[in-house]
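Student: Sequence:
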Amino acid sequence: MKDIVDTYVAKLEQAGLAEPGRARLGFLDADLVWNREDAQTELLRPVFDRININSLLFAPPREPYASIIDFLSRRNEGGIAPEDCETRTFLHDIPIVGSLDPESLIEALKTRKAVIIRNHGILAYGWVSPEQAYILFSSVCFACLVKFFSDFLRDHLAGTADTEQRRVLDRALSFLDPLPRELDTELERGPFRDKGQMIQAMDQAGKMVVRFGLVDSFFGNISYLYDNCLYISQTSSSLDELIGHIDPCPLDNSSCAGITASSELSAHRDILRKTGHVAVLHGHPKFSVIMSMDCPKRQSCDAAGECFRRCPERRDVRGYPIVPGEVGTGPFGLCRTVPPAIEEDRGVIVYGHGVFTTGASDFNQALRGLLDVERTCREEYLRRIDRCRG
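The opening residue of the sequence shown carries number 50 in the working numbering; numbering runs sequentially from there.
Do not rely on the hints blindly, as some may be mistaken.
With a cut-off of at most 25 Å between alpha-carbon atoms, the simulated DSS-like pairs for lysine-lysine come out as follows [stated by the list, open to error]:
#1 244 / 256
#2 244 / 323
#3 60 / 256
Please keep in mind that the hints were generated in silico from the structure rather than gathered at the bench.
Model the full structure from these sequences, guided by the hints.
Tutor: What follows is the structure, encoded as structure tokens:
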């Protein structure tokens, strides 16, 4: 069990979500095991006795998340309500607790899976495995970053951004890694000679998407059409550890493998039918998500509050279309909104969600497209707030 705990703590640190040595992760099986024990873990131990969980993760977030979350927790007394897809799917909203008081934490965690502890950090739990706690911690960081930058853009354009917001913005921007304009490593070239090479190419592409920060490890998905079968990452699989987590889904539906496949299987299938391509990448790049939600009519139009599902406006970021859509095959499903909007050599941004790109024979074109969309969205964001950084 200690190995499992240490693995997820290492992933948290490698993803830039927590400072080395600051995270505390407990995993309850026959016994309760922590990656390290101290006064904080003693405070958190009673949570296991009062809530039906098997893992608990606490850590102060790393920059730029630390400054952003501190700011949001000061400005929002009871909780934070981001509007991105990850929050709607995993969190709903994020409660804020004023201290490391066990009773307050237990009360908050009875109705939510993660909580921000003002001036201390993020607490998240898993009910099946520590992986869930890691995913929720990551979701809180992502949601708060997207909300802060979205709110700042709205307030800046309205002329209401204040000095503290600008200070936090400048600090957050200083921690952003530059996006490359060209790939420093070429991915496997297609068409692939056999299934094994194709699986290796999917794994390689997944690792690169994570490396460039175009998705947090457990979010996003990837697929490739090979021999009339769509190979797609499993739901909740880690894109940088795809071997053994790719499902073959025949186009004739002769297999039930799609049961464990990504929930966006139908969107991938229809995108490939529309474009005639064979590769799809779907990531959640931060500035693409931020810019997708920037609409001057958001509060006044008839679809206010349901923009992610049925936005009536035709919108884009420098030519990249923004469409609404939700996971699944319902009347507002991504399989209905993304395929009609996608072009052969360009990407599509989904409101509050992420980006889809394609490749004609392999993942090189799709990865370049994903990078281009995110770089374009970051540059446009900085232009709109009168900053000149790239």
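Student: Straight-line Cα separation of residue 244 and residue 256 no greater than 25 Å?
Tutor: 19 Å, holds
Student: For the pair supplied as a hint, residue 244 and residue 323, is the alpha-carbon distance within the 25 Å limit?
Tutor: Satisfied, since the Cα-Cα distance of roughly 24 Å is no more than 25 Å.
Student: With the threshold set at 25 Å, check whether the alpha-carbon distance from residue 60 to residue 256 stays at or below it.
Tutor: Within the cut-off at roughly 13 Å; holds.
Checked against the numbered hints listed earlier, the structure breaks none of them; every hint is satisfied.
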